[in-house]
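Undergrad: Next come the chains, spelled out residue by residue.
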Amino acid sequence: MINITEVLETNKMIEQENLDVRTITMGINLLDCADSNLEVLCQNIYNKITGLAKNLVQTGEDISKEFGIPIVNKRISITPIALVGGTACKTPDDYVQIAKTLDKAAGELGVNFIGGYSAIVSKGMSRSDELLIRSIPKALACTERICSSINVGSTKTGINMDAVKLMGEIIKETAEMTKERDSLGCAKLVVLCNAPDDNPFMAGAFHGVSEPDAVINVGVSGPGVVKYALEQIRGKSFEVLCETIKRTAFKITRVGQLVAQEASRRLNVPFGIIDLSLAPTPAVGDSVAEILQEIGLEYPGAPGTTAALALLNDQVKKGGVMASSYVGGLSGAFIPVSEDQGMIDAVVAGALTIEKLEAMTCVCSVGLDMISIPGSTSAATISGMIADESAIGMVNQKTTAVRIIPVVGKEVGDTVEFGGLLGYAPVMPVNRFSCEAFVNRGGRIPAPIHSFKN
Amino acid sequence: MVNKAIITVVGKDTVGIIAQVCTYLAENKVNILDISQTIVQEYFTMMMIVDMTKLEKPFEQAVSELTNIGSGIGVQIKCQREEIFDKMHRI
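So the protein lines, in turn, are chains W and S.
When the first sequence is numbered by this note's numbering, its final residue is 454 and no position is left out of the sequence of numbers.
When the second sequence is numbered by this note's numbering, its final residue is 91 and no position is left out of the sequence of numbers.
Treat each hint with caution, since some may be false.
As the list claims (entries may be wrong) - Straight-line C-alpha distance at most 30 Å; calculated DSBU-like pairs for lysine-lysine: (1) W:Lys138 <-> W:Lys104; (2) W:Lys65 <-> S:Lys57; (3) W:Lys246 <-> S:Lys78; (4) W:Lys100 <-> W:Lys179; (5) S:Lys78 <-> W:Lys65; (6) W:Lys246 <-> W:Lys317; (7) S:Lys12 <-> W:Lys65; (8) W:Lys12 <-> W:Lys246; (9) S:Lys29 <-> W:Lys54; (10) W:Lys356 <-> W:Lys156; (11) W:Lys65 <-> S:Lys29; (12) S:Lys78 <-> S:Lys4; (13) W:Lys54 <-> S:Lys78; (14) S:Lys4 <-> W:Lys65; (15) S:Lys54 <-> W:Lys246; (16) S:Lys29 <-> W:Lys236; (17) W:Lys356 <-> W:Lys123; (18) S:Lys4 <-> W:Lys12; (19) W:Lys65 <-> W:Lys179; (20) W:Lys12 <-> S:Lys78; (21) W:Lys54 <-> S:Lys57; (22) W:Lys54 <-> S:Lys4; (23) W:Lys104 <-> W:Lys54; (24) W:Lys65 <-> S:Lys54; (25) W:Lys90 <-> W:Lys100.
Rather than coming from a laboratory, the hints here were simulated on the basis of the structure.
Let the sequences and hints guide you as you build the complete structure.
TA: Okay, here's the thing in structure tokens:
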């Protein structure tokens, strides 16, 4: 039988160490909504989403209350819209129409984000993919809850450099169209390599074509819990360090598994996966950077950071895998800058640069995430950064992503405020040398030799 | 559906905490299976394992009512389904 120490430990994690379930994300397949008439298509999409997810928010709140565990976000991911809108959409504005429909559905349901305004163009762009991509700046400017992601490469296909070039321009354009709000649109736009089909976390969530009609994916969190556990073992060996992280990750993940199974049962939608990620928020004590400091670094960015992050990421997976029947999504440590107070402090202290963050993305689960850069940065430079991240993902057979915000009118030294979970960020300097000739070559980078495993 | 739940009471020790909680449970046909109590850093800390099979109102309502009783006495009362502790601490 459960004893009082265990009960108090769990409640302490929740109350003092920010343990929460970060998101219950319902994946919804929209392929059967396709129609050649745009009005009909939008109506189908609206009906399907509001029908399947009508109890999502209420169910999340019920579970939260009964178990006494906060469930921060209730969200929806959908089939990449470029696959759904192909026959109906003839112009980028037609796609914007779909974006508005999605925004309306999300508002009606009370979910804070809907992800899947997406296209998978890792080898080439179809006409509808390109129309969707070109519609992104306007779609993000005129909606509140849409998240957009574009997959530009994979280990199996190589990197679509035409798409990489285009996305540099689209990010700039999105920044320009949302400049009144510190280019906020770019915070909801991510460029991925090796994007998973079942990621519950925004902005990169979409419901891949390999998925069933509807599915429940859950993202757990809890950097504060790991940090607290590590405070108890200061100065101990790596063996003790790794064991502690693993044990903590196991406990966190078990809560996620319980919530996922309950949500799946109550909504009568199959359980998909648990995403074992340490996802920070701007709240004090909910920071991945603070874990790195607890491991022994003065600031993230100091020599040793990549090694510390590598072991953290690996131990989180090792602990989490045993705690859940199905693991997927991104599963690892997130290192966004603006969403993590410790990362912000490290940037302000001069400890953390974009180049070091790039190195860190080789060993963690995502990429250059929520980084503000000067608004004067060229589209080609942004494309160069996307190409670098994609190459890391492609060669290492992992997901990488770029979510950077070239804030219009801001320069290095300025600070940008996004608000809420998106936080705030100091504008970081970018390498000023040109990669224009490289980006303008056109075509694609072939898949690496180790991808040929057949 | 809801079967076992864990009730925790944490706060400054005062007269009648257990009495008030138990009266509420009795009125709502909640059976107490186990009680353990300790003082952690001068704070009264109690845990009850209860059976809620015969509870006649929604579980969430009992959670809210217990929270309110706690606010009245000046202690924190939580009522949570047992599974969250079971899952986290047992393989």
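Undergrad: Between Lys104 of chain W and Lys54 of chain W, does the CA-CA distance stay at or below 30 Å?
TA: The hint holds at about 13 Å.
Undergrad: Verify the proposed pairing of Lys54 of chain W with Lys4 of chain S, using a straight-line Cα cut of 30 Å.
TA: holds, 29 Å
Undergrad: Against the 30 Å threshold, does the CA-CA distance of Lys90 of chain W and Lys100 of chain W hold or violate the hint?
TA: holds, 16 Å
Undergrad: For Lys100 of chain W and Lys179 of chain W, compute the direct alpha-carbon distance and say whether it is at most 30 Å.
TA: holds, 20 Å
Undergrad: Take the C-alpha atoms of Lys356 of chain W and Lys156 of chain W, compute the straight-line distance between them, and say whether it is at most 30 Å.
TA: holds, 27 Å
Undergrad: For the pair supplied as a hint, Lys29 of chain S and Lys236 of chain W, is the alpha-carbon distance within the 30 Å limit?
TA: violated, 50 Å
Undergrad: Has the given pair, Lys138 of chain W with Lys104 of chain W, been kept, meaning a C-alpha gap of at most 30 Å?
TA: At roughly 16 Å apart (the allowed maximum being 30 Å), Lys104 of chain W and Lys138 of chain W satisfy the hint.
Undergrad: Take a quick look at whether Lys246 of chain W and Lys78 of chain S sit within 30 Å of each other, Cα to Cα.
TA: Between Lys246 of chain W and Lys78 of chain S the Cα gap is close to 28 Å, so the pair holds against 30 Å.
Undergrad: Check whether the Cα positions of Lys4 of chain S and Lys12 of chain W lie no farther apart than 30 Å.
TA: holds, 21 Å
Undergrad: Would the hint linking Lys29 of chain S and Lys54 of chain W be met if the CA-CA limit is 30 Å?
TA: Given that 30 Å is the threshold and the Cα spacing comes to 34 Å, the pair is violated.
Undergrad: Within 30 Å, alpha carbon to alpha carbon, are Lys65 of chain W and Lys29 of chain S?
TA: Holds: Lys65 of chain W and Lys29 of chain S sit about 21 Å apart, inside 30 Å.
Undergrad: Would the hint linking Lys12 of chain W and Lys246 of chain W be met if the CA-CA limit is 30 Å?
TA: At roughly 19 Å apart (the allowed maximum being 30 Å), Lys246 of chain W and Lys12 of chain W satisfy the hint.
The earlier numbered hints that this structure contradicts are 9, 15, 16 and 19.
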